[in-house]
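Student: Protein chains in written order, with our numbering: chain C, 48 to 682; chain W, 4 to 451; chain L, 12 to 335.
The set of hints was computed from the structure by calculation and includes no laboratory data. There could be a bad hint or two in this list.
Covered stretches of chain C (in silico footprint by chain W; criterion: 3 or more residues with CB under 8 angstroms from a CB of chain W, positions within the stretch not fixed) [unchecked claim]:
no. : segment
1   : 359-369
2   : 383-394
Here are the simulated DSSO-like cross-link-like pairs (lysine-lysine), alpha carbons at most 27 angstroms apart as the crow flies [unchecked claim]:
no. : chain 1 : residue 1 : chain 2 : residue 2
3   : W       : Lys317    : L       : Lys273
4   : W       : Lys256    : W       : Lys276
5   : W       : Lys258    : L       : Lys154
6   : C       : Lys439    : W       : Lys17
7   : W       : Lys34     : W       : Lys258
8   : L       : Lys18     : W       : Lys441
9   : C       : Lys159    : C       : Lys439
10  : L       : Lys18     : W       : Lys65
11  : L       : Lys255    : L       : Lys273
12  : W       : Lys389    : W       : Lys399
13  : W       : Lys399    : L       : Lys273
14  : W       : Lys119    : L       : Lys290
15  : W       : Lys286    : W       : Lys65
16  : W       : Lys389    : C       : Lys305
17  : C       : Lys305    : C       : Lys439
18  : W       : Lys256    : W       : Lys13
19  : L       : Lys154    : W       : Lys286
20  : W       : Lys276    : L       : Lys290
21  : C       : Lys439    : W       : Lys403
22  : W       : Lys256    : L       : Lys18
23  : W       : Lys276    : W       : Lys286
24  : W       : Lys403    : C       : Lys305
25  : L       : Lys273    : W       : Lys276
26  : L       : Lys182    : W       : Lys286
27  : C       : Lys123    : W       : Lys441
28  : W       : Lys399    : C       : Lys106
29  : L       : Lys154    : W       : Lys119
30  : W       : Lys256    : W       : Lys34
31  : C       : Lys157    : C       : Lys106
32  : W       : Lys198    : W       : Lys220
33  : W       : Lys13     : C       : Lys439
34  : L       : Lys18     : W       : Lys220
All residues carry an ideal CB built from backbone N, CA and C; glycine is no exception.
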Amino acid sequence: MDSPTVIFEDYQVEAPAEAGETILEVANRAGVGIATYCGGQGTCQQCQVVVTSGTVQPKDEAHWQQWPTATGEGIKVLACQSVISEDITVKVPIGSRAEDFIIHEMEPLKPKLVDLSRFEPLSPLAQQFVLDLPKPTLEDTLTDMERLRRELLNDEAELEPLTIDLPVLRELPQALRENDFQVAIAVTDTGLARKIAAIRPPTAAQRSIGLAIDVGTSTVAVELVDLDNGQVVGRAIRRNGQIAYGEDVISRIVWTQKGPEQLQNMHQAIIDTLNEIFRYLYDEHNAAPDEVIAASVAGNATMINFLLRIDASPIRRTPHTPPATEMPVVTAEQLGLNIHPQAAVCVCHPAVSGFVGGDITAGVVATGMHEAEELALLVDVGTNGEIVAGNKDWLMCASCSAGPAFEGVGVEAAMPATAGAVTNFHYSRDRDAVDYETIAGQRPRGIAGSGLVEMIASLVEAEVIDRTGNMNADFPSDRLRRSDGELGFTLFEADETAIGEPIVIYQHDIENLLRSKAAVLAAINVLLGKLDLAATDVEHVYLAGAFGAGLNVDRAVAIGLLPDVPRERIEVVGDSALAGAYLTLMSRQAREQAQETVSAMTYLDLSSDTDFMDEFIASNFIPHTDLSRFPSVDM
Amino acid sequence: MALTAMDIYKQLPKTNCGDCGIPTCLAFAMKLAQGQASLDECPHVTEEATAALEGSSAPPMKTVTIGTGDNALQIGGQTVLFRHEETFHNPCGIAIQVNTSLSEEETRERITTACKTEFDRVGMMFDLDLIALNDDDGSLPQAAQLATEVSTLPLVLMSDDPGSMHGALEACGDGRPLIYAAGADNFDEMAALAKEFDCPLVIRGQNLDELYELSEKAGEAGLEDLVLDSGARELNAVLQNQTIVERAAINEKVKPMGFPTIGFTIGNNEVEKIISASELIAKYAGIVVTDLLTRNALLTMVTARLNIYTDPQKPIQVESGVYEIGEPDETSPVLITTNFSLTYYTVEADTSAGNIDAWVVVVDTEGTSVLTAWAAEDFTAETIAKTIEECGIEEKVANKIAVLPGGVAVLSGELEEASGWNIVVGPRESAGIPTFFKTEYEERIAQF
Amino acid sequence: MPLTIPKERWTAEVQTATIGATEEEGGTRTSTITIGGEQTLPFLHFEGETPNRPVIAMEVLDETPTGWPEPLARHYEDVWDDPAAWAQKAVEQFGADLICLRLVSANPDGSNASADQCAETIQSVLEAVGVPLIIWGCDNDEKDNEIMPFCSQAGSGERCVLGSATEDNYKTICASALADGHLIINQSPLDINIQKQVNILVTDMGMDLGDIIMYQVTGSLGYGVEYAYSILERTRLAALDGDKMLQMPMLSIVGSEAWRVKEAWQPEEDAPEWGPLEKRGIIWEVATATLFLHAATDILVMRHPEAVAYVRDHIDEMMSGQPV
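Let the sequences and hints guide you as you build the complete structure.
Tutor: Here is the structure:
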């Protein structure tokens, strides 16, 4: 019998399945994101899908009893509990879609963040040298290794100390002789030592490529970089495949605590995600895995631990200390990454603590705030919000659990900043109409982070919601409707959207978003408060993370996501972690700075800080209960 | 003015060497600013820095010990004027006054009663701290002799007569009683006794100025363990003096004021004295001396002290156990949540708002919310199962079905196994409770 | 002078609020009450003025209370079926500065009295006494929103205080107060920030800062004082430091809270370690009131006449003190 096929009708995806697989497993493989936060145990009930044709079998009778249920369109089941035995068609309703896992090209990083001139002369993580070695003779009896050393160090004395690992040494005699002692040698700079990483025929070595990688909790971004000149050949992002095991780091840690197999799954999910992005980049930019001789990775402590398949559970427990902050340099082969097997995979940015990871220290290096006189603030709004304040004399950081609301997770109407996402939003009370812009000018599919900020500001202004975020039940518009007892405000009617359903913001969505912004603002205020500083003392605010360049900073202040400082001081910098990874890929100086930055960083633990809870509640208001701190905001 | 962390940081080496045991100089500076570290923990600090920072790191109020052994009482050591900034330390001592003119039998009974008085509150026992022997007939030495035999509590010896005091101190041996008091008239004698017997000494002024002068003099005489009495015997003056002494000590670091205080319950009857005691407990007294010995009065004073000396920064918690919302019966649903009061009261409010009669099983998570507790492994299948077992909910309902917060849906499988209950995953947000019960609950439990 | 008196330089003072309107002011009250205006923490005469003394409101329920312990019940048995007579007794015999009328009968889970019935009660109490009135709903949001416009109207022009507005339910009561010229009580669950949120929300609706009184669900000795004391103190500190949105006078409900706890009502045979019942509840109420007074409460809502007398004497004593 042919293997059955699953058609995900609203994604126009047709995926082959093995008999015995669940819908969830097929969906994950096919890049159809179905929401789950129990990791497929059948407990969270999030992954409800509708089978519109064909039938499925129960995975576990116990969980099957309440499902399936009939709906107008078909049979509603839990994707994780439904085993495929024949061809089926599946509809993933809004509310069950995680996000689409399709790979996207991404916008270039801000030039200021990736300015290599700060770090000249360049010294990439791996360098390639094309050598024409004198062949051994009775007079010149040096060993192969010494022969290599002599030639390399003759040109590049600073490569000392130069070492070699066993797998490369094993290849060495053959490689030299096969190529008549004309070889291209890749040398990795791993801190104290240099290592011979790859020996290749010179003809194959047209390019030496490196990868800058940001492993985010929600999304993974990769840049393909020409190591000779630092030029970025291509860049792409994708959802982190680990989302199937939980939306935030804690859920994922909990999943891995179930056993070594689960940790392996988690590890494999990020390796698979990376390899898929690599494959895409290779295809798009005509590159080969063997050309890639180094990778610099930035990520939060949990992501890095999972990447290296290290038990991350200590991060979950008080005092939230990760197993290690500095990670060993490993080879691609050890991880199963589809690049040159001996390429160094280096976590150049160590973590500060369990919840302030290398992604943040990468951001510090990229913004250069650690070298500046003026006081700067780096605010990275992701699933975790991380804050760094400081200047050349001191650096202090903290993290808060912001939740993924602004990243488009947990808010039904929200989505990542991809085609069809609403980025600008204004509701006019007088006209009862919405003015908006979407990415690529398509009909709205959902609201991006920047659109959510404008939406909140606009709804407060129009008095659809009050300053605590409560919807005004008496608001005179048909857009305000009650569904299942909860108030919702229809932003776009079904006939205006690309998804054939209305886009509605519910009361609890507003609460989620407010909590997110409150956590970020509270973290900022508490951190500054510890040093008796006011927000107005800050000369630069770098906003990194979920928000696109289109974010209206004025609105971000108006809702109290950011403190009230002169707007020209606020700069949206995008993926500063990726920028940091790029810089450390290209420069030893940047790598050294990354180390120094971490040792100079003071970590403030907000989870045990009583001021934080207070500030959090004060910030759970638009913009803040202390209006005197928002003099420029008039609502 | 206290130095800020940044002021202190500027004086430190800024090498982040970690030799002080703290990772960075800034973190060390913050600890110094909060009085949680001392400058000598940094091996690299310069002399200039030490000079510049000295004083800002010394504790503003002395901690004084009265008595010895297990029942010794520590008072003072406050670092803030307002308890929300940091908790008040060393709960004030309650001293029961016993006049020396009482008969031996009465004295014995009064002391025994005071020593045995204790109250059970929030599962802990709270008792009284001192016996204050008031020399109203010159027989303090004999009373002290008796008290050392009868009392398990340390003593306060109250007499203006140095001769009487000397005899009493001899009777006390090395019991380290508190000497009350050195005033302008008997200062030299009393100070000498305090030195001779190595006992803490109360300095009593007729007013604040005299108090300051005498305390300064005591300091010059090398006495370190002092307790202050501003002499005020009228409730508003007591309040003002207590506030001034405490502010001078903590805000201004005025050294002669940097000691705990002693106060007396004033009034014509029990209730008036309770008012006076409440004021003293709230307003910084290190020791409250009272002649009240009724259970009513002592219960109230001990409770007031417990309240004022509870750390208000600790998250407000509800007690773990079963709570009723509306009028639940054996068919009513069982909700599970944590003991952070905001979490519990939100659940309570949302459930009542939906007119749902329900049982709520509250798990002790040390006052953290559902997700925080889960993240920190305080809200796990094991802790929930244990609470379910111990709280007695099983006897209250017919079916073992409980609703778990949706945010921790992941625990449901383990919890079913650990508790033997059927678990229904509820909404993620408490606000969803009414809808959940209206639309989903019945359908979900039909399976069991 | 050897000791320099350490004085704080407060930058602001507490908002003043006047409750009740006399005939000249469009009402029928024979007296009004002004609270607030403090320039320092409670009773620190060496540092600043305390122009208005804290006041005591006595509680009147609009239906016969049940389960009151004898030492309390004996003072009210003769009047507790009639709110007007009860209010009269509280004012004339016990010296209440104002009356806090709690409309418990409106609760849908209880007698479910109608808005008209509540309004009638209010009128009868207003007629029976000349002191100002606090009108408190039944603590059921939906029902309060239903009755409050009528209750408010019943006292129109009298500058009553309407209680209470919360973060999630403030619009109806605030609109009523605005329409009929009353003050409003803003309530928060022991949270200074939520208190502030309610204050901002009602001022956004047009409420005057001088027409707001704050109530932070303060609880009683042993049950809430540990948090409430500091919440009150912090709020007052913020007020004196210039935070406009926390400068309103504060109210504490002492009577019903103190008498609710078992220390106040459990008979001696069930709790011998607590001593005789006769005075226990009074002492509990007095100690609670004293602590809240020193934490900066401006209106104490009390129950037992003896407790009221003691606390009033204490306020007298604190107010008559001289700067040291």
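Student: All hints are to be evaluated individually against the structure, with a verdict given for each.
Tutor: Here is how each hint holds up against the structure:
1. 359-369: holds (count 3)
2. 383-394: Not satisfied, violated; 0 residues make the cut.
3. W:Lys317 - L:Lys273: Judged against 27 angstroms, a Cα distance of about 25 angstroms means the pair holds.
4. W:Lys256 - W:Lys276: Violated: Lys256 of chain W and Lys276 of chain W sit about 32 angstroms apart, past 27 angstroms.
5. W:Lys258 - L:Lys154: violated, 59 angstroms
6. C:Lys439 - W:Lys17: holds, 11 angstroms
7. W:Lys34 - W:Lys258: With a Cα-Cα distance of about 23 angstroms, the restraint between Lys34 of chain W and Lys258 of chain W holds, given a limit of 27 angstroms.
8. L:Lys18 - W:Lys441: violated, 60 angstroms
9. C:Lys159 - C:Lys439: holds, 18 angstroms
10. L:Lys18 - W:Lys65: Roughly 22 angstroms between the alpha carbons, so the hint for Lys18 of chain L and Lys65 of chain W holds.
11. L:Lys255 - L:Lys273: violated, 39 angstroms
12. W:Lys389 - W:Lys399: holds, 16 angstroms
13. W:Lys399 - L:Lys273: holds, 24 angstroms
14. W:Lys119 - L:Lys290: holds, 22 angstroms
15. W:Lys286 - W:Lys65: Roughly 17 angstroms between the alpha carbons, so the hint for Lys286 of chain W and Lys65 of chain W holds.
16. W:Lys389 - C:Lys305: With Cα atoms ~20 angstroms apart, Lys389 of chain W and Lys305 of chain C stay inside 27 angstroms; holds.
17. C:Lys305 - C:Lys439: Violated: Lys305 of chain C and Lys439 of chain C sit about 44 angstroms apart, past 27 angstroms.
18. W:Lys256 - W:Lys13: holds, 22 angstroms
19. L:Lys154 - W:Lys286: Since the Cα atoms of Lys154 of chain L and Lys286 of chain W sit roughly 42 angstroms apart, the hinted pair is violated (cutoff 27 angstroms).
20. W:Lys276 - L:Lys290: Distance of about 13 angstroms is within 27 angstroms: holds.
21. C:Lys439 - W:Lys403: Not satisfied, since the Cα-Cα distance of roughly 61 angstroms exceeds 27 angstroms.
22. W:Lys256 - L:Lys18: Given that 27 angstroms is the threshold and the Cα spacing comes to 14 angstroms, the pair holds.
23. W:Lys276 - W:Lys286: holds, 15 angstroms
24. W:Lys403 - C:Lys305: Holds: Lys403 of chain W and Lys305 of chain C sit about 26 angstroms apart, inside 27 angstroms.
25. L:Lys273 - W:Lys276: Holds, at roughly 22 angstroms.
26. L:Lys182 - W:Lys286: violated, 39 angstroms
27. C:Lys123 - W:Lys441: holds, 20 angstroms
28. W:Lys399 - C:Lys106: Between Lys399 of chain W and Lys106 of chain C the Cα gap is close to 35 angstroms, so the pair fails against 27 angstroms, i.e. violated.
29. L:Lys154 - W:Lys119: violated, 52 angstroms
30. W:Lys256 - W:Lys34: holds, 19 angstroms
31. C:Lys157 - C:Lys106: Since the Cα atoms of Lys157 of chain C and Lys106 of chain C sit roughly 49 angstroms apart, the hinted pair is violated (cutoff 27 angstroms).
32. W:Lys198 - W:Lys220: holds, 14 angstroms
33. W:Lys13 - C:Lys439: holds, 13 angstroms
34. L:Lys18 - W:Lys220: holds, 25 angstroms
In this structure, the earlier hints numbered 2, 4, 5, 8, 11, 17, 19, 21, 26, 28, 29 and 31 are contradicted, and the remaining ones agree with it.
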